[in-house]
Amino acid sequence: MNRPRLKDHIVICGWSDATRVVVEQLHSDDLATLQHIVIIDDKITQCPIDDPFVSFIHGDPTESETLERASIQDARTAIILTDWSLPDPSLRDSKTALITLAIKSMNSKVYACAELMRAESKRHLERAGVDEPICISEISQRMLVMAALNHGLSRLFDDLLTFNEGSEIYCTPAPTAFIGMPFRKLVSDLSLNKAVIVMAIKRDKRIFTNPPGEFPVEKGDHLYLLAESYPQWIKEYTPAEERHSQ
Amino acid sequence: MEHPQQPVIARNHRLRTYWHKTQRLVYGIWLTTLGRPASKVCLTLIIVAFSGAIGLYYAEKNHSDDYSTVGNTLCSVVVLLISGFDVAPPSTRFGWALAIFTMLLGIAFVAVVTADLASHLVRAAIRPWSQAKVQANNHFVIAGWGRNDCEMLNNLVSDSLPILRHVVVIDEKVEQPPIRDPYVHFIRGNPAESTALELAGVRKAAVTIIPLDWRIQSDSLKDSVNTLIMLAVEGCNPATYSCVEIVRRDSKRHLSRTAANEVICVGDLSIRLLTQAALNPGISLFLSLLLSPEATTRLHKEPLPPPLAGMSFRQAFSVLNTQLEEILIAVERRVGSGEQKIIANPAQDISLAAGDHLFLLGRSTPEDLRRAAQTQV
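Read top to bottom, the protein sequences are chains A and B. Under the working numbering, the first residue of the first sequence is numbered 1, with each subsequent residue one higher. Under the working numbering, the first residue of the second sequence is numbered 247, with each subsequent residue one higher.
Since the hints were made in silico from the structure, they are not lab data. Here a beta-carbon is modelled for each residue, glycine too, at the ideal position from N, C-alpha and C. Check each hint, because a few of them may be wrong.
Stretch by stretch, here's where chain B covers chain A in the computed footprint (C-beta under 8 Å, at least three residues) [claimed, not checked]:
1) 16-24
2) 148-155
3) 182-188
Could you build all of it, start to finish, from the sequences and the hints given here?
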């Protein structure tokens, strides 16, 4: 069957019950655009999700032929899920590394997010080309500590990380109109006028969480915002030509 | 413009860190030296030597050169304590009584030091790590230690935390404490058994953490082990605040039947993070920073200062932002059935009420908050 050539879509490698949750979240009404998703898996034969914006490729995600069918060359993001059916955590991470290498060899620009089991595997995965390794044992351990120190914190994170329920975190380029504005004033203005909370500024690879005193917003900065849905109004503060380049 | 309270908050933070470092040092010295029976006997002996020297000086100063000055008498007393009558014998009855008493104490001193040393050696030989009950209050108990890194422990005893608390780790497979710190204690035993939990003082613990045992291969077995530990903890002290880590989403509903206060499901968490990372590149780093107690700007929960009760969320946000540079993220409120509801950045402005708790992003302490709220009034 000929399927239309996809572009700027999201490729998810691996199917489990969790994949359904990922798709639901990626297609949340809170988000600005509805993105096409391609799921690759070699254990199931049919697409388990009935959605015109979700395609399914049966095959091994470490094979280039399968990845080609998923138009990986034109994909914007790849999500590599852990294969929980494998018994050994280090085996799971090995499979993730192999899939990453296969993807990156075909499209080095794709933004790869991978789930990994062991903190020791993180640097290997980074070397393989993963842009955002999510080490579950590391994050959950930190969450345990923070929940022990600040009771209820895990529930707050549940809320912040779930679309369609309350507010979520969004990362957006700082609009031109905000450049030069002190962080404190920006926090105050956006809270009162837009019901949006600015939590941090990302500059190059550094993140400044609630920076103290006079900390001006600079060109190229990104803002981490807490909002009920994607702040569409932010485009009004950015000239059209700049919006296009972003 | 910088608010006048800002340098005070920064200074308080620095002072608190120094204070915790000093506290840790003093407690460490106490444990290794002064807390031991032999050290206590030594201290008693020094006190006895001084008081004995003064007593002998007054009784014997006119009879013997060895007791003519306080310095000479002190030297004589030290000799009496260690080797008996190698000095001139006292001439008065009171002097004799004091000298004999000092000599007997010297013998006792040698006996106690020898016994302490012997008991230390025997303990080290037959029982590698302490199985003595930990005497602590409002401490953290970590039931099970199945990980290689010590980040969790380092974070729990971090100097930058507002309060320094003791941590007790229970595990039966590990042979020694994961880190050497006077505030970290270790109980070798099965965390699903009440004996080990009692030794860890779980009855008086503020929080019990049940982390995943990554040494177990099967995911469902990992969750089963943690459920059993949770039930054991509940049996010992249902009032302790418990945080349980599990792998599978299905296990979450089983845990909801226990008294677990917070269930952290790694499967759930990673899926949500992956989705966020796909949409907002770099977000996992930001969340890691938010989850780090070592960070200068930290996410913390504080009770609502009474003067802020009745204010709207946005008003309180403005007060905290301008006066303390704190960002108000969410409010935790008790609803009908005793359940806690978290409202993050409410779209419809809500009024804050007594009993609410605030989730804040900043550097202030509860005292700073109280002061700022008072100033506002």
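Hints, verified against the model:
1. Evaluation of the coverage hint for the segment 16-24 of chain A: fulfilled, as 4 residues show C-beta separations to chain B shorter than 8 Å, against a requirement of three.
2. Restraint check on the segment 148-155 of chain A versus chain B: 8 residues with Cβ-Cβ distances below 8 Å, three needed, restraint holds.
3. Residues of the segment 182-188 of chain A with a Cβ under 8 Å from some Cβ of chain B number 3, which satisfies the need for three, so the listed coverage holds.
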